[in-house]
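K.L.:
Using the sequences and the hints, build the whole thing.
So the sequences go chain by chain: A and B.
Mapping the first sequence onto the working numbering, position 89 (from 1) lands on 89, and the numbers just tick up by one.
Mapping the second sequence onto the working numbering, position 8 (from 1) lands on 209, and the numbers just tick up by one.
These are calculated hints, taken from the structure and not from any lab test.
Incorrect hints may appear among the rest.
Computed footprint of chain B on chain A; a stretch qualifies when at least three of its residues, placed anywhere within it, have a C-beta under 8 Å from a C-beta of chain B [stated by the list, open to error]: (1) 56 to 62; (2) 140 to 154; (3) 160 to 171.
No residue lacks a Cβ here, since even glycine has one placed at the ideal position from N, Cα and C.
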Amino acid sequence: MSPDLSQPPERSIYREDGDLADGLRRRDPLAMEVLYERLGRQAFGLAYRILGDGPSAEDVVQEALLTIWRQADRIDATRGRLNSFVMTLVHHKAIDALRVKRGQQARQVSVDFAEVEKVGADFAERVLQSIAGGEVRVALTKLPEEQRRPIELAYYEGLTHLEIAAALDLPLGTVKSRLRLGLEKMRTALRSGTGDELRRS
Amino acid sequence: MNCDEVEDLLGTYALDALPGDLSADVSAHLATCSKHEEAAELRAVAGALAFAAPEAQPSPALKMRLMDAVRAGPAAAVETPRRIGLLGRLKHLVPQRVIPYALAGALAVALIALVITNVGGDSDRPGRATVSLSGENSAGAVVYELEDGIIVVDAAGLKPLDPSQTYQLWGIASGNPSSLGLLGTAPNGETLSVVRGQITDFEFLAVTIEPAGGSIAPTTDPVLEGKA
Numbered sequence: 001m002s003p004d005l006s007q008p009p010e011r012s013i014y015r016e017d018g019d020l021a022d023g024l025r026r027r028d029p030l031a032m033e034v035l036y037e038r039l040g041r042q043a044f045g046l047a048y049r050i051l052g053d054g055p056s057a058e059d060v061v062q063e064a065l066l067t068i069w070r071q072a073d074r075i076d077a078t079r080g081r082l083n084s085f086v087m088t089l090v091h092h093k094a095i096d097a098l099r100v101k102r103g104q105q106a107r108q109v110s111v112d113f114a115e116v117e118k119v120g121a122d123f124a125e126r127v128l129q130s131i132a133g134g135e136v137r138v139a140l141t142k143l144p145e146e147q148r149r150p151i152e153l154a155y156y157e158g159l160t161h162l163e164i165a166a167a168l169d170l171p172l173g174t175v176k177s178r179l180r181l182g183l184e185k186m187r188t189a190l191r192s193g194t195g196d197e198l199r200r201s
Numbered sequence: 202m203n204c205d206e207v208e209d210l211l212g213t214y215a216l217d218a219l220p221g222d223l224s225a226d227v228s229a230h231l232a233t234c235s236k237h238e239e240a241a242e243l244r245a246v247a248g249a250l251a252f253a254a255p256e257a258q259p260s261p262a263l264k265m266r267l268m269d270a271v272r273a274g275p276a277a278a279v280e281t282p283r284r285i286g287l288l289g290r291l292k293h294l295v296p297q298r299v300i301p302y303a304l305a306g307a308l309a310v311a312l313i314a315l316v317i318t319n320v321g322g323d324s325d326r327p328g329r330a331t332v333s334l335s336g337e338n339s340a341g342a343v344v345y346e347l348e349d350g351i352i353v354v355d356a357a358g359l360k361p362l363d364p365s366q367t368y369q370l371w372g373i374a375s376g377n378p379s380s381l382g383l384l385g386t387a388p389n390g391e392t393l394s395v396v397r398g399q400i401t402d403f404e405f406l407a408v409t410i411e412p413a414g415g416s417i418a419p420t421t422d423p424v425l426e427g428k429a
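P.N.:
This is the structure we're talking about:
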């Protein structure tokens, strides 16, 4: 990513993810401030999309960032992973809060701080660029309805596969395969940059 | 769980749409089996969905609360947001009349009264007695005594346990530990539990890791402890 010259000099030490993670581990409040400024709107946007109310969404963002702060030494932050990790944590907490609000059973899924993603470097780089370019949004909207809807119910409504099957009146096997096909289709679009090219043409 | 079953569930797993026990089974399989090459990529794509939601501007108060908690230091950082989190969550529960622990009617009334008297933002600590517990790596807990015989434990920064273990709360008087109850496996490193007991009976409180179902006496060193 190109350097942001508009930032005051002291913040520029946190341009790189590895440095930001180091700053968090060193308990430098400036590191958390930079992280919040970088991700706050996206994190709140996701929590708000899931929960539908501002105060609850703010609680989730606060809890997620403070969890990161308290457990900074457990994060392995190579390039780009810190952003993904924050957003994964926000997603988890938002879905848990949503399920409590609805009186549904909590999913009891834990976030594994030590999880090492065995993703190829090229693909990880592509996903990062697509995040910056908004291609993910495009790739999602370009999915056929029958794949997009189950993915949205899973990711933004926090439904389990059984609940999705009930909600859409589909066999469980159909739900499982549509979730997978949808993700594979998005992967292809992100890998080749098709979404962005189609948008520009 | 075998490879075919895992393959069948990969898309669902990537989207976190599996119930916890199934999700844990798939995780455990993937940790030791390298045959499922798509797994990590599908997870990455699903994770990218976080960025497909539109950005939105939170209130300026969010940044203030966050930085206050961060600047206050690790121990306070556990306590301050947890207080808001606890009351926030209780407020969510009350309108739904859903309280996720097996509570007697009297306790439900006490919790509701507590929330009602504390509506209106930052409030003093609820309850009659409060104990702070601390441990390594910024693990901590606040234990509130709401009413005679009812204690709420709000812990964070814990290591999530697998289903064969549980966190257990102890009260210690004259060197003798008494079990105050089980706190569960702390998925996400946190737990909010209600147990029966009285803080005033004890000199210290402690939390240990025990086999699922709990132990008669602590079998491991405390992960959290504090003076009552």
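K.L.:
Tell me, which hint numbers fail for this structure?
P.N.:
Every hint satisfied by this model.
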